Amino acid sequence: MQKITSANNYDQASLPDLLPLYYRRVFPFSQYYRWLNYGGVTKNYFQNREFSFTLKDDIYVRYQSFGSQSELEKEMQKMNPYKIDIGAVYSHRPSQHNTVKSGSFQALEKELVFDIDMTDYDDVRSCCSAADICSKCWTLMTIAIRILDRALREDFGFRHRLWVYSGRRGVHCWVCDEAARKLSVTARSAVAEYLSLVKGGEDTVKKVQLSDPIHPLIQESLAVIEPYFPSYALDSQDILGSKESVEKVLALMPEDILCQSLINPVQFNAV
Amino acid sequence: MQFSGRRNKKLIPDHHAELYGHCLQFYGQPPVENISLAEFETFAVERLKLLKTVENIGVSYVKMSDPYKKKLEDELKKLHFPYRPAADDLKSQIVPTEHEKRRKDHISHFILRLAYCQTEDLRRWFIQQEMDLFRYRFSELQYYSKDKEKEFLKENHLHYDTVSDEEKSSLMDKLIRSSFYVSGPKVQDLEFYKVPFQDALDLVRSRKVFLRGGFAFIPHQEIVTIVLNDFRTRLSKALALTARSLPVVQSDERLQPLLSHLSHAYVGQDYSIQKNIGKISLEQIDSLSTKSFPLCMRHLHKALRDSHHLRHGGRMQYGLFLKGIGLTLEQALQFWRSEFIKGKVDTDKFDKAYAYSIRHMFGKEGKRTDYTPYSCMKVILSNLPSQGDYHGCPFRHSDPELLKQKLQSYKISPSGINQVCLRDFNSAE
Numbered sequence: 001m002q003k004i005t006s007a008n009n010y011d012q013a014s015l016p017d018l019l020p021l022y023y024r025r026v027f028p029f030s031q032y033y034r035w036l037n038y039g040g041v042t043k044n045y046f047q048n049r050e051f052s053f054t055l056k057d058d059i060y061v062r063y064q065s066f067g068s069q070s071e072l073e074k075e076m077q078k079m080n081p082y083k084i085d086i087g088a089v090y091s092h093r094p095s096q097h098n099t100v101k102s103g104s105f106q107a108l109e110k111e112l113v114f115d116i117d118m119t120d121y122d123d124v125r126s127c128c129s130a131a132d133i134c135s136k137c138w139t140l141m142t143i144a145i146r147i148l149d150r151a152l153r154e155d156f157g158f159r160h161r162l163w164v165y166s167g168r169r170g171v172h173c174w175v176c177d178e179a180a181r182k183l184s185v186t187a188r189s190a191v192a193e194y195l196s197l198v199k200g201g202e203d204t205v206k207k208v209q210l211s212d213p214i215h216p217l218i219q220e221s222l223a224v225i226e227p228y229f230p231s232y233a234l235d236s237q238d239i240l241g242s243k244e245s246v247e248k249v250l251a252l253m254p255e256d257i258l259c260q261s262l263i264n265p266v267q268f269n270a271v
Numbered sequence: 001m002q003f004s005g006r007r008n009k010k011l012i013p014d015h016h017a018e019l020y021g022h023c024l025q026f027y028g029q030p031p032v033e034n035i036s037l038a039e040f041e042t043f044a045v046e047r048l049k050l051l052k053t054v055e056n057i058g059v060s061y062v063k064m065s066d067p068y069k070k071k072l073e074d075e076l077k078k079l080h081f082p083y084r085p086a087a088d089d090l091k092s093q094i095v096p097t098e099h100e101k102r103r104k105d106h107i108s109h110f111i112l113r114l115a116y117c118q119t120e121d122l123r124r125w126f127i128q129q130e131m132d133l134f135r136y137r138f139s140e141l142q143y144y145s146k147d148k149e150k151e152f153l154k155e156n157h158l159h160y161d162t163v164s165d166e167e168k169s170s171l172m173d174k175l176i177r178s179s180f181y182v183s184g185p186k187v188q189d190l191e192f193y194k195v196p197f198q199d200a201l202d203l204v205r206s207r208k209v210f211l212r213g214g215f216a217f218i219p220h221q222e223i224v225t226i227v228l229n230d231f232r233t234r235l236s237k238a239l240a241l242t243a244r245s246l247p248v249v250q251s252d253e254r255l256q257p258l259l260s261h262l263s264h265a266y267v268g269q270d271y272s273i274q275k276n277i278g279k280i281s282l283e284q285i286d287s288l289s290t291k292s293f294p295l296c297m298r299h300l301h302k303a304l305r306d307s308h309h310l311r312h313g314g315r316m317q318y319g320l321f322l323k324g325i326g327l328t329l330e331q332a333l334q335f336w337r338s339e340f341i342k343g344k345v346d347t348d349k350f351d352k353a354y355a356y357s358i359r360h361m362f363g364k365e366g367k368r369t370d371y372t373p374y375s376c377m378k379v380i381l382s383n384l385p386s387q388g389d390y391h392g393c394p395f396r397h398s399d400p401e402l403l404k405q406k407l408q409s410y411k412i413s414p415s416g417i418n419q420v421c422l423r424d425f426n427s428a429e
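Heads up: the protein sequence lines correspond to chains A and B, in order.
Just so you know, the numbering used here puts 83 at position 83 of the first sequence, and the rest follows in order with no gaps.
Just so you know, the numbering used here puts 355 at position 355 of the second sequence, and the rest follows in order with no gaps.
A portion of the hints provided could be inaccurate.
[What the hints assert, rightly or not] Once the Cα atoms are required to be at most 27 Å apart in a straight line, the calculated BS3-like pairs of lysine-lysine come out as: (1) Lys101(A) x Lys378(B); (2) Lys364(B) x Lys56(A); (3) Lys206(A) x Lys302(B); (4) Lys302(B) x Lys52(B); (5) Lys49(B) x Lys70(B); (6) Lys43(A) x Lys110(A); (7) Lys344(B) x Lys136(A); (8) Lys344(B) x Lys43(A); (9) Lys182(A) x Lys237(B); (10) Lys302(B) x Lys56(A); (11) Lys43(A) x Lys136(A); (12) Lys101(A) x Lys206(A).
[What the hints assert, rightly or not] Just the calculated beta-carbon pair ranges, DEER-fashion: (13) Tyr165(A) x Lys154(B): 50 to 56 Å; (14) Pro254(A) x Leu246(B): 17 to 23 Å; (15) Asp57(A) x Ser170(B): 55 to 61 Å; (16) Arg153(A) x Thr42(B): 54 to 60 Å; (17) Leu329(B) x Ser104(A): 28 to 34 Å; (18) Thr42(B) x Ala223(A): 55 to 61 Å; (19) Asp117(A) x Ile341(B): 22 to 28 Å; (20) Gln96(A) x Thr328(B): 56 to 62 Å; (21) Gln96(A) x Gly416(B): 22 to 28 Å; (22) Ser60(B) x Ile225(A): 53 to 59 Å; (23) Thr139(A) x Lys279(B): 53 to 59 Å; (24) Lys199(A) x His360(B): 26 to 32 Å; (25) Gly416(B) x Thr142(A): 47 to 53 Å.
These aren't lab readings, by the way, just hints derived from the structure by calculation.
Predicted model, so just to flag it, every value in this text is computed and none were measured.
Just so it is clear, CB atoms sit at the ideal spot from N, CA and C, and this is done for glycine as well.
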């Protein structure tokens, strides 16, 4: 199982040569524009969208906006950004925000975006850490995507979900339903909290507290995880393979199950 | 409120009796009467005391638990605010009468709107405390009189879509699992409502409701959260409107000093004014961290020294604190750079990736806001720590056992440790 590292496939130093080619031959401008224009239903929706570019040498420019697809194309081909951030749709053209009366320039709508980062799983993967990813731990990403996608679709009724690889060590999900774009800040944080189960920093050992009975969201998510667990945890991550690892697992088990395993050791050793 | 200065001698007593038909209200209509400046000031100050108590109780106790409710009831009684539908209120001779309490409630709320409508932070604080107060009173209303509850909802034009029996039985198992305090047989008899999830955010946030297709399925007894959501939306809109008429009010010299005093009163100590710039040297920080730092900052400092790194949440919380105790920008840059270099970061990377955000904290970049250090409330309630983080409040976010061990290692007396650990910080919402 090969680690996907920069040495094999990608060298940042060659970007200045490759990016112009990419933006002229490969980048899907018409699909990109078609998406962000949303059918031209709301006036100036595309024109009032903020884009931010990260250029060579980490130069970051905000408040870029474009009047049309060809304006966007020309600018991107001129600047050759290393990274593009899609911002919110504002009340006025972002490129003209300085001309607007202070306080009037406001963000109006934005897709609901989820960012899943592999480093958040460092405590349950032993094959890689930090920015490294491999096909062993990528399974975690698959599971996460399946859990989240089901919840967004069935619980929240969101129909327009775009999943993309972030470019480094994770994925993004862009929820583009009108209802999602219009969500308030409080609503967004409520959705995020609804979907949160792992809580606690370095000072918390047991980061998952389950209620009894468990909520349908957790129940459905467990059903997604179960088929993956034996091959991921027991085989490829080998969580019972070392004393240290076994202790870590035991520290997470509920008291009553631990006690039962001491009373009936035979039952529990027969895994 | 009328500030025209014209004497209006027409008071309408009958109108008042209707206006204050319940012990709580949505504050839809502003008061229309004259009051003295003294009463204006007393009402405002007493409501502020009440709201500050609401805030404090909410951090020390689980909201709506018995001790929480008892404390809140005591405070409401002490300050003469209404808290419960009283059977014989209107006939009572005890002063202040129930009617007077409700009038005070009405007027004081509107006065505080003037003081708390100006900034996002003030509005958010005001709305949060008013909501907690409303939640308590509504639950008392529900408990003491189902009829009055129905009446109150009807009068305020609140009605919700019910879930059909067929749908209910097909979702029976899931409804039971998500409304965990309601048992099987009861679900059959309970009325369920279907509301868009955006109208039930508190239930969604704490995962106390079943969601399907964007709708939240609410059992009758949880209707309070929907009502609260409505309350929040209305109040939020009202505050925005109030802010626009504020210049007129502020031009009244009698009111301006009081209103500005009121809106600063809740913040407590003001650490935004830099009184101690340059009075701390970098060499002092290690010893100060054990002698004078609050536990969270001591914790962050040690984590920084041990791993030569802190994630964003920790950098913000600790960085702003260091600014607050007097570190200059140059000192801060030196401090963080020298520590990060010992880790995996070289000077180049530090200058590129981290120096910008330190300068940003000091108001030297971007929109140039001179950020103030976080208050305890902010540290406890926002930006919860997750795996790899060392920020937050140890009293709230650490495992009780680990916290105890840490306090013991700092040589805190056993009785002191017990006092701290008995307070149920971890389960307060």
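Tested hints:
1. Lys101(A) x Lys378(B): violated (31 Å)
2. Lys364(B) x Lys56(A): Distance ~23 Å between Lys364(B) and Lys56(A) Cα, so the pair holds.
3. Lys206(A) x Lys302(B): holds (22 Å)
4. Lys302(B) x Lys52(B): violated (34 Å)
5. Lys49(B) x Lys70(B): holds (17 Å)
6. Lys43(A) x Lys110(A): Holds - the C-alpha atoms of Lys110(A) and Lys43(A) are around 15 Å apart, at most 27 Å.
7. Lys344(B) x Lys136(A): Holds, at about 26 Å.
8. Lys344(B) x Lys43(A): The given pair, whose Cα atoms are some 49 Å apart, is violated under the 27 Å limit.
9. Lys182(A) x Lys237(B): Measuring from Cα to Cα gives roughly 17 Å; hence the hint holds.
10. Lys302(B) x Lys56(A): violated (36 Å)
11. Lys43(A) x Lys136(A): violated (47 Å)
12. Lys101(A) x Lys206(A): violated (50 Å)
13. Tyr165(A) x Lys154(B): 50 to 56 Å: Since the Cβ atoms of Tyr165(A) and Lys154(B) sit about 53 Å apart, the hinted range of 50 to 56 Å holds.
14. Pro254(A) x Leu246(B): 17 to 23 Å: violated (55 Å)
15. Asp57(A) x Ser170(B): 55 to 61 Å: holds (59 Å)
16. Arg153(A) x Thr42(B): 54 to 60 Å: Given about 55 Å between the Cβ atoms, the range holds.
17. Leu329(B) x Ser104(A): 28 to 34 Å: holds (32 Å)
18. Thr42(B) x Ala223(A): 55 to 61 Å: Roughly 60 Å apart at Cβ, these two residues keep to the hinted range, so it holds.
19. Asp117(A) x Ile341(B): 22 to 28 Å: holds (25 Å)
20. Gln96(A) x Thr328(B): 56 to 62 Å: For Thr328(B) against Gln96(A), whose Cβ atoms are near 37 Å apart, the range 56 to 62 Å is violated.
21. Gln96(A) x Gly416(B): 22 to 28 Å: For Gly416(B) against Gln96(A), whose Cβ atoms are near 59 Å apart, the range 22 to 28 Å is violated.
22. Ser60(B) x Ile225(A): 53 to 59 Å: violated (38 Å)
23. Thr139(A) x Lys279(B): 53 to 59 Å: holds (54 Å)
24. Lys199(A) x His360(B): 26 to 32 Å: Holds - the Cβ-Cβ distance for Lys199(A) and His360(B), about 28 Å, lies within 26 to 32 Å.
25. Gly416(B) x Thr142(A): 47 to 53 Å: Between Gly416(B) and Thr142(A), where Cβ atoms are some 49 Å apart, the hint holds.
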